[in-house]
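Asks: Listed in order, the protein sequences are those of chains A and B.
Residue numbers for the first sequence follow my numbering, so the first one is 381 and each next one is one higher.
Residue numbers for the second sequence follow my numbering, so the first one is 153 and each next one is one higher.
To be clear, the hints were calculated from the coordinates, so they are not data collected in a lab.
Values in this document were obtained by computation on a predicted structure and should not be read as measured data.
Using N, Cα and C, we set each Cβ at its ideal position, and we do this for glycine too.
Any given hint could be a false lead.
To be verified - Label pairs and their calculated CB-CB ranges:
#1 446(B) / 387(A): 46 to 56 Å
#2 387(A) / 429(B): 24 to 34 Å
#3 449(A) / 508(B): 43 to 53 Å
#4 501(B) / 467(A): 48 to 58 Å
#5 490(B) / 387(A): 25 to 35 Å
#6 445(A) / 490(B): 48 to 58 Å
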Amino acid sequence: MQWVTSTQILEGLKTTGNTTAWDKFCDHFQPVVVNFARQLGLPEADAEDAAQETMLEFLKAFRNEKYNREKGSLGNWLFGIARRVILNLRGRKPLEQLVADKTTGTSFWDLIQDDHNIKHTWETEWRQMVLTKCVQQVRRELDPKVVEAFELYALSEQPVEEVAGRLKMSNNAVYIAKSRVLSRLRELERQFE
Amino acid sequence: MNCPEYETIERYTLDRLDSERRTEFSSHLELCPACKAKVAEARQNERLLIELRTVGKTTSQTPDYDESDVATIDRAQSILGERYRVIRKVGDGSAGQVFQVIDTVLERLVAVKFLRRKWSSDKTTSQTWHEARLMGRLNHPNIAQVYEIGELDGQKFIVMEWVDGPPLTEAWKGLQLQQRLHLFLGVLEAVAIAHERGIIHRDIKPQNILVTSTLKPKVLDFGIALETQSLESIERGLYRGTPSYSSPEQITTPVRIYTSTDVFALGVLLYELLTDTLPFPQTDPKKLFEAIKTEYPELPSAIQEKVPIPLQNICLKALEKDPHNRYANARGLLDDINRYLRGEKVWSRPSFLSDKIQQEIFYHCQKLKVWRDNELLTQKEFDKLENIYERMISPPDPSIIEARELSLSQVCLYLGGWIVVLGSFVLFYKTWEQIPIYWRPTPAIIATALMTALGISMWRRKESRLAVGFLATANLLIPITVLLTLAQWQILSSADYSWGTESISQILKNVKSWIIVGNAQVYVSLWLWFAFSLLFLRVTRSSIFMLFSVTAFLTWLTTCYIIAGMIGPTEPFNPWDPDIIAGRYLLPGIGMFILGVILDRHRYTHYAWPLCMTGLILIVACLSVIAISENTLFGWLWRKPKFLTELEPHLLSFVCNGLIYLGLAGICRLLGTRLQRSLSSIFNWLGPIHILGSLRILDLDASSISEGHRLVYRILLPIASFAFVFGSVARQMKSFFFSGLAGIAAAVHKLTIEHLDKFFAWPVSLIITGIIWMLVSWLVPRWKANLTLKSRK
Numbered sequence: 381m382q383w384v385t386s387t388q389i390l391e392g393l394k395t396t397g398n399t400t401a402w403d404k405f406c407d408h409f410q411p412v413v414v415n416f417a418r419q420l421g422l423p424e425a426d427a428e429d430a431a432q433e434t435m436l437e438f439l440k441a442f443r444n445e446k447y448n449r450e451k452g453s454l455g456n457w458l459f460g461i462a463r464r465v466i467l468n469l470r471g472r473k474p475l476e477q478l479v480a481d482k483t484t485g486t487s488f489w490d491l492i493q494d495d496h497n498i499k500h501t502w503e504t505e506w507r508q509m510v511l512t513k514c515v516q517q518v519r520r521e522l523d524p525k526v527v528e529a530f531e532l533y534a535l536s537e538q539p540v541e542e543v544a545g546r547l548k549m550s551n552n553a554v555y556i557a558k559s560r561v562l563s564r565l566r567e568l569e570r571q572f573e
Numbered sequence: 153m154n155c156p157e158y159e160t161i162e163r164y165t166l167d168r169l170d171s172e173r174r175t176e177f178s179s180h181l182e183l184c185p186a187c188k189a190k191v192a193e194a195r196q197n198e199r200l201l202i203e204l205r206t207v208g209k210t211t212s213q214t215p216d217y218d219e220s221d222v223a224t225i226d227r228a229q230s231i232l233g234e235r236y237r238v239i240r241k242v243g244d245g246s247a248g249q250v251f252q253v254i255d256t257v258l259e260r261l262v263a264v265k266f267l268r269r270k271w272s273s274d275k276t277t278s279q280t281w282h283e284a285r286l287m288g289r290l291n292h293p294n295i296a297q298v299y300e301i302g303e304l305d306g307q308k309f310i311v312m313e314w315v316d317g318p319p320l321t322e323a324w325k326g327l328q329l330q331q332r333l334h335l336f337l338g339v340l341e342a343v344a345i346a347h348e349r350g351i352i353h354r355d356i357k358p359q360n361i362l363v364t365s366t367l368k369p370k371v372l373d374f375g376i377a378l379e380t381q382s383l384e385s386i387e388r389g390l391y392r393g394t395p396s397y398s399s400p401e402q403i404t405t406p407v408r409i410y411t412s413t414d415v416f417a418l419g420v421l422l423y424e425l426l427t428d429t430l431p432f433p434q435t436d437p438k439k440l441f442e443a444i445k446t447e448y449p450e451l452p453s454a455i456q457e458k459v460p461i462p463l464q465n466i467c468l469k470a471l472e473k474d475p476h477n478r479y480a481n482a483r484g485l486l487d488d489i490n491r492y493l494r495g496e497k498v499w500s501r502p503s504f505l506s507d508k509i510q511q512e513i514f515y516h517c518q519k520l521k522v523w524r525d526n527e528l529l530t531q532k533e534f535d536k537l538e539n540i541y542e543r544m545i546s547p548p549d550p551s552i553i554e555a556r557e558l559s560l561s562q563v564c565l566y567l568g569g570w571i572v573v574l575g576s577f578v579l580f581y582k583t584w585e586q587i588p589i590y591w592r593p594t595p596a597i598i599a600t601a602l603m604t605a606l607g608i609s610m611w612r613r614k615e616s617r618l619a620v621g622f623l624a625t626a627n628l629l630i631p632i633t634v635l636l637t638l639a640q641w642q643i644l645s646s647a648d649y650s651w652g653t654e655s656i657s658q659i660l661k662n663v664k665s666w667i668i669v670g671n672a673q674v675y676v677s678l679w680l681w682f683a684f685s686l687l688f689l690r691v692t693r694s695s696i697f698m699l700f701s702v703t704a705f706l707t708w709l710t711t712c713y714i715i716a717g718m719i720g721p722t723e724p725f726n727p728w729d730p731d732i733i734a735g736r737y738l739l740p741g742i743g744m745f746i747l748g749v750i751l752d753r754h755r756y757t758h759y760a761w762p763l764c765m766t767g768l769i770l771i772v773a774c775l776s777v778i779a780i781s782e783n784t785l786f787g788w789l790w791r792k793p794k795f796l797t798e799l800e801p802h803l804l805s806f807v808c809n810g811l812i813y814l815g816l817a818g819i820c821r822l823l824g825t826r827l828q829r830s831l832s833s834i835f836n837w838l839g840p841i842h843i844l845g846s847l848r849i850l851d852l853d854a855s856s857i858s859e860g861h862r863l864v865y866r867i868l869l870p871i872a873s874f875a876f877v878f879g880s881v882a883r884q885m886k887s888f889f890f891s892g893l894a895g896i897a898a899a900v901h902k903l904t905i906e907h908l909d910k911f912f913a914w915p916v917s918l919i920i921t922g923i924i925w926m927l928v929s930w931l932v933p934r935w936k937a938n939l940t941l942k943s944r945k
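Excised from the complex, chain A in its bound form (with noise of 0.2 Å):
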């Protein structure tokens, strides 16, 4: 799939019936709604739901052009509609239901109300979002073999001079492409804000 920087899927949204863009940006932004809602303890249904209706709310918002970057960056506005979703959404349930849930092991007893948190736990599912799209883009854009000497060198950190001996590379070489990959990660993450 292309790579896309948020600032270019939100011009493809200002028109209507472009279906293209409106995938993109679900394919963005849902499952990060859906793992929040699911980290606050909705069941799963519950969170694709609360997710859909997330991106119904931001889409209606953003045509009726309520949404302005100066205002704060698409991560916050997202958060601020995802939250109300879902607060809303757990008004609408028993109490019970969603504490004795052992299956998912998690609640949002603890944290609904505590906004540091939620806002916190928002926080890590964006910048995970994030970093798995530029990972994804380093990988198309990359030599394959520069990636593997980063992940196995930086990332599972085994000692370079046996990633360099696996590889065939130098030692050199190993360091070198651990500097590429990070350098281009921090340019699209830059991009992609």
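Using the hints provided, position chain B relative to the given structure of chain A.
Replies: Okay, now just chain B, sitting in the frame of chain A:
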């Protein structure tokens, strides 16, 4: 050096270069902007990498369970029983597991911590268990409370308050320094209270301090934090996590834990508060341990420009390697930060900085000595520099500096003390017949007791600035109160410790409506004063109490003289006569001076200088009085030569005094300590001023003697002046030179107004003489040089 391979940059960023290559590369970095940029980029990359690793690990980590341990929610539920309903597992460490639980009776959320069995049997755990019990009694809004501790089938568990929120370091992101400090103070308050009850946290780190939505920090796991990492695991390189908050003593065998261990962790937090970075940022555990044990953190102000220096000093003091150099407990740290916030001066200095300074200065002083020996520096300049350096190395107690500083609060304190003393003294003015006898001295007694108690308690609380103020007041009050009490309650009034003719009460009878006191009463009060001055001196080491002891001693001496009738209003001769009094005080003066010198020789300079200065003042005052008195002290020393019999008898005394001062100056210089050298320079000024001044005064005064002899004085003054001017050459005596010049001016003035006021030739001849002197001084050396050249040829 050419730009190195990328490997070097990588190793440099990860702190894996050996020290030699590190310094080499560091100096290269200074010059090479390209490499500098690469390093900066690598650092940012490293931050991203850490994040990437954690993203990857959140899903992959699976803790290893012991079969018998509480691993599942169901098992936890079965242990906890009906009352609690387990919701989920929130934490799992090697020490135990934590579950979130609803207390159905009290309808609140709680956290339940199950201790692992292998820990439960451990000795440290029984200690932990004991502390958990103590914690149950500890109630503080900033500490997560322990509600219950229990045990079932050998499984121990602790029920605690449920706290949720981000960790401290997360919560203060984006906050101002003051707001961050506010949060931090909450933490300190909690830890301080626990320390006061003898509970040590052992594992203070941001994850254990959560900030609630109302911005209240809560310290978790207090006293129940377990030693989750064994030393063995450290040695085998198995230490998990980043133990950035461990203190040196926690990672050194044998492990010792003090309250100051927590202070270290709090210091790390404060460092993060100030700079947003860790003091020891190494990620590799082995290197991190090495750094914690041996390295000093970078100065916070070098990382963040705006870091207030007092806070930096407080932080570095908390991060001292030696636990005894840190604040003893969290209260000390809290007090110092509060002091900073109140705008007061903070005196804490990290010892490693002063060690460093001390070392540098030591080397520099060695150099200075070489320079002095090679005459690149004069002795005086050397002394001045050494004086400054010594003050830098061992500054007097901060409290002393603080007590000496005349800040508004300090002035108010001393003024208040002075008024209290005056108030108590006023009680002497009357017998206060209308008041019951036991109430008469009570105000003074209460004031003295209050001042002493406040002073001691302030001293214990390390508020030395206030302590010195209160103790000094108490010290002045002691003789007054004791004397007043003895006199009013008529204790010791029958005993009369007099060996002479005079009694204090006889003297006091002349003063109307003054309370009558007996000799014994005066003695006792003065002895007590002296004793308490020495006691306070010993406790506070403040030199003001040295002055008080000296004053007490001199007062006692005076009292003895009066009582013995050696001075005072007694017939037939008048012992109030100044020269008699001077004679009485000369020996004590000399005694004090010698005592001061002895103390100084034994490096008690702090106590020596008040003694030496008092001694010096007494000696000078006595000698001067003796010189002008009728019965000159030196009259009997030798028979005056015949040609001097007509002269004023004082002349010899004055000259003798001058010579004594110069002799003392020489002795002091020979003694060689810095205090003595400065006393020596005082005597050096006193000598010529005394001699020349006396010649001038005697000339004016000697109206009784014949004109011929008066001429002697007139001639003596310029001769002596010239002698001093030229005498200055030998030892670079500025005192001789300038007093000589002043003496010549006085002689010229005298000659002009008395003899030569009508001769115009007089000023002209003076000018011409001056010019000749100058020409001579210019030409003679050249002529001399020529002469030597010629003789060599």
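Asks: Confirm or reject the claim that residue 446(B) and residue 387(A) have a C-beta distance inside 46 to 56 Å.
Replies: 50 Å, holds
Asks: When you take the CB atoms of residue 449(A) and residue 508(B), is the distance between them in 43 to 53 Å?
Replies: 52 Å, holds
Asks: Is the gap between the beta carbons of residue 490(B) and residue 387(A) within 25 to 35 Å?
Replies: 49 Å, violated
Asks: If you check the beta carbons of residue 387(A) and residue 429(B), does the distance land in 24 to 34 Å?
Replies: Hint holds: Cβ distance 32 Å, inside 24 to 34 Å.
Asks: Residue 501(B) and residue 467(A), beta-carbon distance inside 48 to 58 Å?
Replies: 53 Å, holds
Asks: Tell me if the beta carbons of residue 445(A) and residue 490(B) are separated by a distance inside 48 to 58 Å.
Replies: 52 Å, holds
Against the hints set out earlier in the document, a violation occurs for number 5 only.
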